[in-house]
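These are the residues of each chain, in order.
Number of protein chains: 2
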Amino acid sequence: MGKLLIVGTVAFDAIETPFGKTDKILGGAATYIGLSAAQFNVEVGIVSVVGGDFPQEHLQMLEDKNIDTTGVEIIKEGKTFFWSGKYHNDLNTRDTLITDLNVLAGFNPIVPNNFTDCDFLMLGNLHPAVQMAVINQIPKRPKLIVLDTMNFWMDNALSELMEVIAKIDVITINDEEARQLSGEYSLVKAAQKIHEMGPKYVVIKKGEHGALLFYEGNVFFAPALPLEEVFDPTGAGDTFAGGFIGYLASTHDISFENMKRAIIYGSNLASFCVEKFGTERMESLSREEVQKRLQQFKELTQFEIELG
Amino acid sequence: MGKLLIVGTVAFDAIETPFGKTDKILGGAATYIGLSAAQFNVEVGIVSVVGGDFPQEHLQMLEDKNIDTTGVEIIKEGKTFFWSGKYHNDLNTRDTLITDLNVLAGFNPIVPNNFTDCDFLMLGNLHPAVQMAVINQIPKRPKLIVLDTMNFWMDNALSELMEVIAKIDVITINDEEARQLSGEYSLVKAAQKIHEMGPKYVVIKKGEHGALLFYEGNVFFAPALPLEEVFDPTGAGDTFAGGFIGYLASTHDISFENMKRAIIYGSNLASFCVEKFGTERMESLSREEVQKRLQQFKELTQFEIELG
Numbered sequence: 001m002g003k004l005l006i007v008g009t010v011a012f013d014a015i016e017t018p019f020g021k022t023d024k025i026l027g028g029a030a031t032y033i034g035l036s037a038a039q040f041n042v043e044v045g046i047v048s049v050v051g052g053d054f055p056q057e058h059l060q061m062l063e064d065k066n067i068d069t070t071g072v073e074i075i076k077e078g079k080t081f082f083w084s085g086k087y088h089n090d091l092n093t094r095d096t097l098i099t100d101l102n103v104l105a106g107f108n109p110i111v112p113n114n115f116t117d118c119d120f121l122m123l124g125n126l127h128p129a130v131q132m133a134v135i136n137q138i139p140k141r142p143k144l145i146v147l148d149t150m151n152f153w154m155d156n157a158l159s160e161l162m163e164v165i166a167k168i169d170v171i172t173i174n175d176e177e178a179r180q181l182s183g184e185y186s187l188v189k190a191a192q193k194i195h196e197m198g199p200k201y202v203v204i205k206k207g208e209h210g211a212l213l214f215y216e217g218n219v220f221f222a223p224a225l226p227l228e229e230v231f232d233p234t235g236a237g238d239t240f241a242g243g244f245i246g247y248l249a250s251t252h253d254i255s256f257e258n259m260k261r262a263i264i265y266g267s268n269l270a271s272f273c274v275e276k277f278g279t280e281r282m283e284s285l286s287r288e289e290v291q292k293r294l295q296q297f298k299e300l301t302q303f304e305i306e307l308g
Numbered sequence: 001m002g003k004l005l006i007v008g009t010v011a012f013d014a015i016e017t018p019f020g021k022t023d024k025i026l027g028g029a030a031t032y033i034g035l036s037a038a039q040f041n042v043e044v045g046i047v048s049v050v051g052g053d054f055p056q057e058h059l060q061m062l063e064d065k066n067i068d069t070t071g072v073e074i075i076k077e078g079k080t081f082f083w084s085g086k087y088h089n090d091l092n093t094r095d096t097l098i099t100d101l102n103v104l105a106g107f108n109p110i111v112p113n114n115f116t117d118c119d120f121l122m123l124g125n126l127h128p129a130v131q132m133a134v135i136n137q138i139p140k141r142p143k144l145i146v147l148d149t150m151n152f153w154m155d156n157a158l159s160e161l162m163e164v165i166a167k168i169d170v171i172t173i174n175d176e177e178a179r180q181l182s183g184e185y186s187l188v189k190a191a192q193k194i195h196e197m198g199p200k201y202v203v204i205k206k207g208e209h210g211a212l213l214f215y216e217g218n219v220f221f222a223p224a225l226p227l228e229e230v231f232d233p234t235g236a237g238d239t240f241a242g243g244f245i246g247y248l249a250s251t252h253d254i255s256f257e258n259m260k261r262a263i264i265y266g267s268n269l270a271s272f273c274v275e276k277f278g279t280e281r282m283e284s285l286s287r288e289e290v291q292k293r294l295q296q297f298k299e300l301t302q303f304e305i306e307l308g
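If you're matching them up, the sequences are chains C and Y in order.
Quick note: the first sequence uses this note's numbering, first residue 1, plus one each step.
Quick note: the second sequence uses this note's numbering, first residue 1, plus one each step.
Since the hints were derived computationally from the structure, they do not count as laboratory data.
When the alpha-carbon atoms are kept at most 20 Å apart in a straight line, the in silico PhoX-like pairs for lysine-lysine are as follows:
1) Lys86/Y x Lys21/Y
2) Lys276/Y x Lys189/C
3) Lys206/Y x Lys189/Y
4) Lys298/C x Lys298/Y
5) Lys140/C x Lys3/C
6) Lys200/Y x Lys167/Y
7) Lys189/Y x Lys276/C
8) Lys206/C x Lys206/Y
Next up, chain C with everything else stripped away, as it sits in the complex (with noise of 0.2 Å):
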C-alpha cells in the first residue's frame, strides 16, 4: 500500500451558486485532496493548519475516511482560514468575495514522523514557499511528486514556485494558467515549455471540458463526465487530483499508461464532487458508486474502429 502525504488548506468555505447558498462549512484543497484519494487502498496524510475555531468533528470525519489528520496544526488562539466565493450563472467563473488567509499567513508545515517517509507527495495549492518547506522535510525524495498551483502564485510568488516547479514530477494546472506560466497561447505548446521548467507530467485541467495529460510527446484526454445538473464545483480541481493520485499511490504505479487511468479516475471523482454543495457528496461516496461510473466514462470514449 502506497502511503501519500497532502499538503494543503483545511479551511472554511461560503459559497453561493445559482442553486443556493452556504454558510461556513469544510472546505479546503487538502480536503477534497484527501476525501478523494481516499477511496483508494492508500495510507494518506494530511499537513495542515486551522484555528481553534475548528470543529473537532469534521477532523474526526477525515480521521474516520482513513486520512491520517495528525500533521494538521490546531493553533488555539487563531481562527481557520476562510474564503467565501460567489458563482455565476455558467458555474465556469466566479468571484472571490472574501479571503481571510487568518492562520495560514504564518503557516510553518510539519511533517509528522509518520510520514516522512512517504512515497507519494501532493503539494496542494499554497504558497510554494510552504510547499518546498514540505519537500525538504522529506528525506528521501518520494516517488512521485504532484504539485497543484494557481495564477495568484505566477502574479506575487513566481521565483519560489519556478523552484517547486523544478523539482516536481507533475503539474496540473487550468488552461488559463498554463498559458500564463508559458507565454504560449496553443496548450500543446504550453505543455512544451512547461515540461521544460522541469515537470515530465503536465497535466492541464479544463473543468467542464475535461483535462489533458502530457508526456514525452504524448498526450492523453479524460473528458469530463456529462452531467445534467452541477450543482457547485467548489473543490472539484482538487478532487481530481486526489483521484489521480490516489490511484497512482494504491497502484504504486507511475508509467504513462497507469497514469492515463489515473487521470480517467480523477474525471470520475470529480464528477461526483460537483453534484451536490461542498465536500457533502465526497463524505457520502462509496467506492462502488466510483466503479460503476467508471463505465460510464468507458461508454463515454471508447470506440472500436480499423486503421487502414
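Starting from the structure of chain C, add chain Y where the hints point.
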C-alpha cells in the same frame, strides 16, 4: 456506395486571423462539407447557387474531387454570396464584418435528377425554408438526414426551423445554440429537449473542446485533437459534419456504434481543416493522412481499465 446529397452555400470568404488575412477565397458550408465527405467512398453531389463572378476553376476543383456540381446553379448576372469575418486572438470567437447574400437571397434549390434517389442528405446551414424545399424534392425518404443550423435562424425563422427539425434524424449544433434552442443550460438536458423536437441523434459541437453525440440516453464524446497551431477555424464545423455523414454514407451503417466512429472521423477531418487558411488543407488532404491521424485519436482517448 452511398449517395450523398449536400445542400449549402458555395461562397467567397475573406478571413482575418491573428496569423494573416485573405482576399476573397473559396468558402461556403457545402464546399467544406463536400471536400470532407469526398474523403470517403461515396457519391457526393452539391445543391447550391453562385454568381457569374464565380471562377470555373473552383467548380473544376470540386469535380476533380469527384463531387458532382450539376446542382450548383450559376446565375450569370448575379454575384456569389460573400462573407467576411475577423477572428479574435483566441480564435474561439469572431466578428462578422460583411454578409452579402447576393444570389443566395432568392435561392430556389433544385435537386438534380441524378440525386433525387440519394440515401444520405446533408442540410448545411441555410434558411430552413431552403432546407425544407430540398427535403420535399426527394420522393423516397433518405436513410439518414443530417441538419446543421445556427442561432441566426433561431432568431429569425424559428417556426420554419422547427418544422425542419421535426423531419430530420441528426442535428449538429454548437453548445450555445443547443442552449438557445432548448432553453436549458446543461447540455445533457438540452439534448433531451432537442430529442423531443424530432432528432433521434443530437450532436453538440464544442469547437476546440470536441463534440458530444447523444442518442437514447447514451452519450459519446470525441475530443478535438490538441494542435500546436490553429491557423484558421473557418469551415471546421462543416468539415466535421462532412466527415461525419461521409463516413456514414460510405459504410451504409447508421447504428450508434458506427456513429461513434463517424464523429471521430468528423473530428479527425476538422483537425486538418484548421491547419491552413480556407479550404487549402482540405484540397491537398490525402486518405493516407486521415488514416494516420486516426491512430493519434486512438492514443488520445483509449485506455485499458478493469471494472471492479
